[in-house]
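**Q** Letter by letter, the chains look like this.
There are 4 protein chains.
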Amino acid sequence: MQQKRIRDFGVKIGKLDTGMNNSITDVEGVSVGHVTLSEGNCQTGVTAIIPHEGNTFMEKLIASSYVINGFGKTMGTIQMKELGVLETPIILTNTLSIGTAFDALIAYMLERNPEIGRTTGTVNPIIGECNDMLLNDVRAQFIEKHHVVEALQNAGKQVIEGSVGAGAGMLCYSLKGGIGTSSRCFSIDEQMYTIGVLVLSNFGILSDLQINGRAIGKELKEALLKSWEEKDKGSIMIIVATDLPVSERQLNRIIKRSVVGLSRTGSFITHGSGEVVIGFSTATKIPHFKPKHITSIPTIHEEDLDLAFRAVGEATEEAVLNSLVTASHVNGRDGNERPAFKDLLKEFNIQLA
Amino acid sequence: MQQKRIRDFGVKIGKLDTGMNNSITDVEGVSVGHVTLSEGNCQTGVTAIIPHEGNTFMEKLIASSYVINGFGKTMGTIQMKELGVLETPIILTNTLSIGTAFDALIAYMLERNPEIGRTTGTVNPIIGECNDMLLNDVRAQFIEKHHVVEALQNAGKQVIEGSVGAGAGMLCYSLKGGIGTSSRCFSIDEQMYTIGVLVLSNFGILSDLQINGRAIGKELKEALLKSWEEKDKGSIMIIVATDLPVSERQLNRIIKRSVVGLSRTGSFITHGSGEVVIGFSTATKIPHFKPKHITSIPTIHEEDLDLAFRAVGEATEEAVLNSLVTASHVNGRDGNERPAFKDLLKEFNIQLA
Amino acid sequence: MQQKRIRDFGVKIGKLDTGMNNSITDVEGVSVGHVTLSEGNCQTGVTAIIPHEGNTFMEKLIASSYVINGFGKTMGTIQMKELGVLETPIILTNTLSIGTAFDALIAYMLERNPEIGRTTGTVNPIIGECNDMLLNDVRAQFIEKHHVVEALQNAGKQVIEGSVGAGAGMLCYSLKGGIGTSSRCFSIDEQMYTIGVLVLSNFGILSDLQINGRAIGKELKEALLKSWEEKDKGSIMIIVATDLPVSERQLNRIIKRSVVGLSRTGSFITHGSGEVVIGFSTATKIPHFKPKHITSIPTIHEEDLDLAFRAVGEATEEAVLNSLVTASHVNGRDGNERPAFKDLLKEFNIQLA
Amino acid sequence: MQQKRIRDFGVKIGKLDTGMNNSITDVEGVSVGHVTLSEGNCQTGVTAIIPHEGNTFMEKLIASSYVINGFGKTMGTIQMKELGVLETPIILTNTLSIGTAFDALIAYMLERNPEIGRTTGTVNPIIGECNDMLLNDVRAQFIEKHHVVEALQNAGKQVIEGSVGAGAGMLCYSLKGGIGTSSRCFSIDEQMYTIGVLVLSNFGILSDLQINGRAIGKELKEALLKSWEEKDKGSIMIIVATDLPVSERQLNRIIKRSVVGLSRTGSFITHGSGEVVIGFSTATKIPHFKPKHITSIPTIHEEDLDLAFRAVGEATEEAVLNSLVTASHVNGRDGNERPAFKDLLKEFNIQLA
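For the record, the sequence lines run as chains F, Y, G and E.
If you use the UniProt record's numbering, the first sequence corresponds to residues 1 to 353, in order.
If you use the UniProt record's numbering, the second sequence corresponds to residues 1 to 353, in order.
If you use the UniProt record's numbering, the third sequence corresponds to residues 1 to 353, in order.
If you use the UniProt record's numbering, the fourth sequence corresponds to residues 1 to 353, in order.
In case anyone wonders, no lab produced these hints; they're calculated from the structure.
Treat the hints with care, since some could be wrong.
Stated by the list, open to error - Only pairs whose alpha carbons sit at most 25 Å apart, straight line, appear in this in silico DSS-like list of lysine-lysine:
1. Lys-81/Y / Lys-81/F
2. Lys-12/Y / Lys-218/F
3. Lys-218/F / Lys-15/Y
Claimed, not checked - Listing some non-contacts, in silico: residues in chain Y with all C-beta distances to chain G over 10 Å:
4. Leu-16
5. Cys-42
6. Asn-113
7. Ser-207
8. Ser-296
Backbone N, C-alpha and C define an ideal beta-carbon position, used for all residues, glycine too.
I would like the entire structure built from these sequences, with the hints used as guidance.
**A** Following this line, the structure appears as structure tokens:
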């Protein structure tokens, strides 16, 4: 099934070209998998991002995190900040299931790395979360360890968007949200580079929604007869992948710019919205065990970062819009429901372009 | 002389009401003064923001700074972060004149506080800067100490905008920029509060400029036959004043949201653009000398911050646009010049609303 | 059973007086509970610190964390930094069991707060860890949810130290380490205040150990015929409780000074040692739901912090030494063992004072 | 004149070997110069650290700063954190003269780099300070621009310590302090590396002073019949140079460990003491203008950092003691005076070893 994405509605975000699939998986080696639980009160799931095809513990990637708004429980950022590396896949799920996700990811890593806890130290799992309590009975903690493993096993280059994986029960601008992705390509000194973004969107209030500068949220809100309490208790997780050769400081500068894209969709980064960015670069593999020779880390000149800044801003904006426009209507916990943006566009005969 | 501001062009930013003068000086006690040097190669100046009418050293204000992009030389933020207070006026000027500004502000503070350096410790001046090297001969360091004192003496409630004070030689989206201001009012539990923003704008490239979602920069760029190298080596200083009772942590959360407004004018926060926010709250005075009784700091409930977040986003966006639309054409260093946005609107007969 | 602590060996750390029990529980309302698993390959456990006697979710405490060295997986610090509060007990356990501890603490909080995930958002559990892989089969993840609940239920004012709770399998300066505690009292304006520290020690190499300036580690190392590979892969968790009225900024300044005490026991804060401090003040309760009136937060004058800085430095130093001197010999995983410091003192007839 | 340093008193700090001169200038390319003003009320000066022999603006060094306690006004750290480089010499002087030092250093840089402010942007001077108000009339701002230039011109490999340069009027543990330096050497994979530290000491109270674990401050305080108000309003600037190939993240980890050395001399890092560390590595030159090929940055394996951590701790401890033991008695402002530690050792016939 081909999903209709924001570009299919005629909306083109920014100036830069997208990658082949306009997806985080345009960065070579990156794959994404989902497990979706969708039945009655249970509207939740798991999304796994695998950063490269090798053993991430043995060959770590330069990585960085950035907290836009820290009302969130993302795990693993303390060590990522200190050591500057990613050494596991990234798991996204609902807020109250991150303990389970941690346990499952630990088991997955221990199985693949018998040295951990024996001849070498520990491993630092990265788990991100948003709170899907409106549509999902989050207190029930539906996620089990095997779901996490299945999401990892499902990982591939094709990324389904919308109400899937960790996005099953999430909202975006008071409508149904969830998973979205996008990418940008650009060349520096005749070398092509890619930045890909995947979001788990769960933030915003309808009247703030903007698409390419148009205040579509206000229009929709007036068109809809009913309305919801517009209290943003959401969150967004933003995963940024790139093949640019950068230091962790440079990578941090890049991922901070995701806030630009977020802002342009209408967000004011509300108090209750945990917004965390995790970024990694596949350009250099940092060996776990000390190699014979000193590692050299190729890094672009600081002035070349501007293209990357633009890329991450544009791709974040488009990934959010993709999460919104691909999501389907969900009937969830205790009869709570949220409409799909795409259904509203039809219902009210709104053209985006 | 009444300046024509962005609202006078029919552009209304955001949902919240402005304060009486739509200015940072809507926050009671705050005043602003300029000294402008504009002749030939010398296109620079000083802008002073006085945070309250008393002795700021003896009665400090809760304050916080936030670095959006640290390609800048703002002075005083280390101590502000550690101690959480502002104890001097804030001076804005060009990059290479902050030493002079420091010296002048020190002299000003020493004169008013004979205890400093004798019976009590030192004082922490806050100096912000942008680089006006295109229109101004920044190497000549035209600013002298007396200019800083004059800017402080000139301070009043009326804020002139555009090519004045520290903004004399600054650019904004490749056009003439400089000083802009705006404010927002909102009520919490029937008490009215104000957030005011003043910007010194010196960033951005024309083709990125957006006004209320409209890609006016692209339009203008196509209309203009000539173009400039669009390399952003700019900066923006953002000063946020409020009378909200907040802790320095809460204030920091507020001022971080200025990036939302910035993003919506079209910025991607480029590498070369030093973007620093300084915020203070007039709600509580922190005594320099230890008082007899423990100080109690009234602080709003965290959930009430959302209105403040929206306010600072909107006011920052509008302050940037005000700096752009009020600025006048300047012929500066070595024949360099930049047109005024308002002149281009006329020339190409563009309506903003 | 009365344990022999460092003062019982004639060693007096610092200038300030201790609290009544020289324990973190000298801070009113604070209690501590352990569950210890000690059999063969299983040498691990859980330690719970309950910050006050009420409902911590409904009445939060001002809190702050500080990362001395981020080679660690402590959970919950992102939100603590953003919101400045502690809203759950603090759980300490081994590195690979923090997922289980998270799950158990979530269940404990959900049970006591039916609003969570229904009419209000989520809860932010604080879980700290050290890696006990030498003596404990950490890969086996022995900790089960009920252990965490039991540790919470065991909480009381009497704190057992040494090879107990989360400290069961931990090392300190290559010897057996684990749980230690200490406190300091001081008066400001005739009001008495207490700072208490609890550590989970698991760091350091023997030859670096210093007690009150004496290089006892070097002496011991020479006396011992056998030696261990002195590679520090440890960690330390430091919990700081106080009844001082402070802002979260001030609290952060206080807890940073724990590094002074740590340094004086001989640590160089090695690469592999995750060292994280969590602090809270019981002076102010921050209500979860918005109260009718604005909250006022009493805060001491900045100059009075110096006593608190000294107190936390001294108490941290003494807590580490208490963890070392109370710990008992443990035979653990695969025949690995570490001697008790107190046994070595006897064996080599060393007087500490 | 050969100064008697702490090792000449028989005190050996730590386990590692010192460099050839036990000085920051043991790091190849680093030189240090002083200008000392010492007459009556004027007891102040300037110390310049030149990081390498080339043009620091054109060939920048990887650099990092760390704020131990931010009651200080150090300039330039915002940009250093963002860009990770040092591009000027480092100037140390008294608190109220950093404006002058900025101006002088700017002039020095402009003269050597005609591109600045013309074809390239600005330059980011690094100025550190301590407050010498007890012995020096700091309000008089005695430092003039030419003093800064002279300190730069005086720079050489031989570092005079004690009451010289910026240290002329500084105190250490209530006695005369000032400039001190020390270094450590160690090998990784048969390659020798050096870490050098220079301090400007101006902190601490006598009764806290410890030398190699001995509470010499307490002894001295009892021996001295008179005493001073022991209020620490001081500061310390710590400059760390190394030739280790490190990323700025790794360098930051290294320089943070200077607090270990500081703690062992007796400091509790008091409220009023601004304590800032600036570090740089000479291993890689980062070109100002974009080079033809991507820059590769050699970086040691994370596990090899432990030696560097120990080195910076030991060298900082020894540099502080050197600043104390080399300083001479000064009669300063308004008859204020502080004795020299070395004179007290003689007077009370105290042997340090």
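**Q** Each hint needs a verdict: does it hold in this structure or not?
**A** Hints and how they fare:
1. Lys-81/Y / Lys-81/F: Status holds; Cα separation ~20 Å.
2. Lys-12/Y / Lys-218/F: Holds - the C-alpha atoms of Lys-218/F and Lys-12/Y are around 15 Å apart, at most 25 Å.
3. Lys-218/F / Lys-15/Y: holds (11 Å)
4. Leu-16: holds (20 Å)
5. Cys-42: holds (42 Å)
6. Asn-113: Its Cβ never comes within 10 Å of chain G, the nearest being 17 Å, so this holds.
7. Ser-207: Ser-207/Y clear of chain G: closest Cβ-Cβ about 36 Å, beyond 10 Å.
8. Ser-296: Non-interface label on Ser-296/Y violated, nearest chain G Cβ at 4 Å vs cutoff 10 Å.
The structure does not agree with numbered hint 8 stated previously, though it agrees with all others.
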